[in-house]
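Novice: These protein sequences, in sequence, are chains A and B. FYI, the numbering used here numbers position 663 of the first sequence as 663, with every residue one higher than the one before it. FYI, the numbering used here numbers position 5 of the second sequence as 5, with every residue one higher than the one before it.
It should be emphasised that the hints constitute simulated quantities derived from the structure, not laboratory data. If you're wondering where the values come from, they're calculated on a predicted model, not measured in any experiment. Ideal Cβ positions, reconstructed from N, Cα and C, are used throughout, including at glycine. The hints are all genuine.
Just the calculated beta-carbon pair ranges, DEER-fashion:
#, chain 1, residue 1, chain 2, residue 2, range
1, B, A70, A, P150, 31 to 39 Å
2, B, D29, A, A525, 39 to 47 Å
3, B, D50, A, E248, 33 to 41 Å
Which stretches of chain A does chain B cover? Using the computed rule of at least three CB atoms under 8 Å from a CB of chain B, they are:
#, stretch
4, 588–601
5, 625–633
To be clear about the criterion: a stretch of chain B counts as covered by chain A if any three or more of its residues have a C-beta under 8 Å from a C-beta of chain A, and this derived list gives those stretches:
#, stretch
6, 5–16
7, 42–56
8, 60–70
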Amino acid sequence: MDTQHTRNIDSTFLTLLQQAPSDRLKKMVKAWGGGSIIRKEECISYLFTAMRSIERLRQILDACNPFEQAALALIKSERFYDETTTIALCAATLGLPVPKLKEDHLASISPLLESLFDKGLLFIESRGGYSPSIYYAYGRNAALEFIVNPVVVSEIKPLNTRQFQELNVSAAPKPETTYVRRPQTVALGHSAFLHALEAAGDLKVTKSGEQRLTSAVVTKLNKVLEKQGWFNMSATMPGSEYDALPIEFYLDVMPDMGLLEFDHASHTYRLTEPPDTFMQQDFVSQTQQWLVGLARTRTWAEIVVGQHGYFHYTVMLRNALMVALTLLPSHEFIPVDALSDALFERIGERFSLTYRQPRPNPRTYGGPNRTPEQFQAELREWQTKVKHDWQANERAWIRSALSSWAYGLGLVELGLTDNIATSFRLTELGRAALDFTQDEEASGASKGILLGSERRPGVWVVQPNFDVLVYLERTTSQQLGLIERFAERVQVDQHIAHYRLTRRSIYEALERGGTLDTLVTELSAGSTSPLPQNVLRELQGWAAMRDQLTLIPLARVIEYPTAEARDEAIAQGQGGQPVGERFVIVDNKTRLKPQSFSLVDYARPLPACLTMNEEGIVTLDPSTRDLLIDGQLSAWAERVDALHWRLSQASVSGALKRGSTLPQFTESIQSRLKSKMPPLLQLAINNWAGMAKRVEVEPVIAIRCQTADVMRAIAGSVTFKKLLRGTIAENIALVDPAHVDEFNAALRKIGIEPKNFDQA
Amino acid sequence: MAHNPPILHTNLTLIETADKTLLDMFFQDASTRPFLVARLSDTVAAVQPDKFEMLLNRLKKLGHTPKVLAE
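The whole structure should be built from the sequences, with the hints applied where relevant.
Specialist: This is the structure in structure tokens:
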């Protein structure tokens with residue numbers, strides 16, 4: 001099944017109407033009171049106008065049956081995986097009659113929402129166009145999106161689950177041992193994980209295309225998590241070897257909740273917002289954000305049920321469980337088995353996590369020859385089997401869901417028997433986060449701390465030694481966010497968290513956009529007593545230290561040829577910060593005065609601006625000079641004047657002695673040459689650098705013939721060849737001095753009297 | 001040189017100190033000097049391209065808390 005998202009419709013609305021088939025348009029027209037309009041254009045024109053009538057819209061919405069209203073409310077909430085089967089399953093969990101299906105199994109996709117399409121309240125878009133039905137889009141193997149008019153969305157009543165029949169569950173006796181995670185502890189865990197992700201940097205994935213983090217990234221992440229103290233705050237219950245919220249949970253859910261996004265260009269995941277932004281939300285909003293992600297996550301599962309592990313069925317049941325948790329009768333502990341049984345009552349015969357035999361059908365299954373009694377017996381047998389399977393699979397899954405995310409996110413307090421969750425009750429946070437209406441009083445989340453609407457003083461003690469002791473029970477999420485942002489976490493205990501203000505922690509917070517004023521104001525507001533004077537002084541000192549030194553990446557600097565030219569440009573209106581005698585720093589908001597500039601871009605290879613001659617004289621082209629070249633040349637050569645340097649044995653040896661290397665010379669100087677370096681200079685530099693080439697000198701006798709044909713005859717002769725050292729021109733050859741007498745004798749033998757060069 | 005047009009240097013990393021002494025110190029320190037390529041004024045210098053992160057880490061190790069202006 002494809003993920004389908006609800007989104008609002010704007011200009012595409014008319015297009016969707018134009019693409020809708022005529023028979024569907026006629027049904028819509030009828031629903032909107034248009035009578036029997038025949039022509040398609042007339043239908044579209046009528047609907048486009050009629051659908052803007054709020055009054056008519058309200059009438060249509062009021063006339064929707066409870067299932068349709070619940071389906072629209074679920075889609076409006078954007079809290080659930082808005083796909084037809086899940087919507088039907090959630091509606092069935094609410095106790096609503098779900099439209100009869102051909103195959104009486106919710107997993108077989110059916111046109112459950114056809115009536116909403118016919119009323120023009122809901123559309124399906126597939127591949128950018130109108131899709132007449134879900135079947136049609138599936139046939140094209142295309143992703144679907146529900147499209148709903150924003151006017152319709154605004155008029156849909158939010159789902160109030162308190163209006164539905166509660167689940168039929170009885171209270172459990174109060175368990176002896178219970179475990180619950182405070183909202184503050186949960187939020188600190190999230191904060192530590194998010195800070196670890198931020199510190200881990202690029203989250204590269206494997207090349208297999210599964211978007212799984214590489215083992216190197218996972219190793220690094222584990223190290224950072226260790227440093228952040230995340231493992232000390234894990235949601236592992238005593239006696240359990242599993243963390244309720246393992247790393248996989250975070251990494252799989254966060255993309256679906258919009259906190260992590262995948263960059264296809266760099267094959268990396270990255271945080272979509274800084275951890276501070278997440279922590280600025282109240283505890284309820286944070287938890288709801290996790291629930292939205294959890295409702296859509298198909299890559300992580302509480303437990304794998306059955307042989308094949310139908311993850312997309314897991315998502316459906318997870319959504320149904322989220323609805324079921326809003327239908328509990330009281331604040332009492334409920335047996336997990338009772339919740340399982342109650343959910344089975346509502347959806348058990350129409351849904352399973354694994355494959356099972358279809359429900360017996362008197363007409364199509366088993367043949368029509370069975371007696372009614374035989375069919376009833378067959379049906380009872382099927383029902384017994386289904387219930388048995390539910391207890392083996394779905395009940396185990398429900399227990400696992402309650403023990404994992406429901407406990408880990410602080411939604412439930414668990415009652416344990418022999419280290420197994422046997423009962424539970426919703427926490428205040430759970431009731432508030434699962435509530436659809438956002439009604440503070442009705443949800444029971446009237447506590448200002450949960451919603452951040454109440455900030456109490458005295459939530460921490462700031463000590464003169466810079467330690468901050470935080471009373472967790474009293475802190476809001478925003479206060480925790482502040483202290484996490486500005487202080488280093490030392491230790492978290494059940495009731496108190498220990499932080500320390502350090503120069504580094506203040507620096508990092510200021511670098512992330514925090515201000516000293518915010519820190520001092522908020523720290524004072526939450527403190528049991530006025531901040532110690534020495535702490536205040538030191539905080540101001542640390543903040544001031546940061547102003548001593550500034551790094552400006554990607555700056556723009558105008559370099560003028562003279563101080564006069566710079567001053568004239570400023571006088572003529574060139575904005576920016578004058579620096580030194582000839583420079584002006586211009587930020588991105590400052591306009592450049594229209595003028596011709598030579599451009600040097602330091603994000604690109606720097607321009608070729610040098611020429612060299614054989615004598616080692618380096619000449620700089622001033623029109624393309626960059627700010628690096630002067631220093632680089634001075635490191636290797638002696639300056640002659642503003643535009644000339646000289647490479648010499650002393651200058652090159654000096655550079656090498658100061659720690660420079662020949663590859664650095666190649667990178668910084670040679671790469672900037674406009675033309676090739678003269679080979680003789682290259683040879684000289686190599687020699688000065690100790691990479692001398694050997695040159696051997698030995699005396700030889702040169703013989704020169706008057707014509708080349710004489711030399712060819714001599715050089716080709718067996719007699720002379722052994723006496724020659726080689727030829728260096730067509731009429732000149734070299735003879736070893738030791739053989740010169742023998743050579744002369746051989747010449748005389750062929751009638752040639754050798755002469756000296758000056759005689760010839 | 002007076003006849004040449006001004007040069008616009010872009011994507012350049014700069015380091016700016018509150019006083020001259022601090023920048024002098026960075027030019028004298030063997031661990032920071034290689035990152036600095038040109039001094040534009042008493043308190044401003046250009047940084048070797050692509051060495052921003054290395055210089056930032058080096059300065060932090062030396063105990064400084066440089067303010068990094070948003071790009």
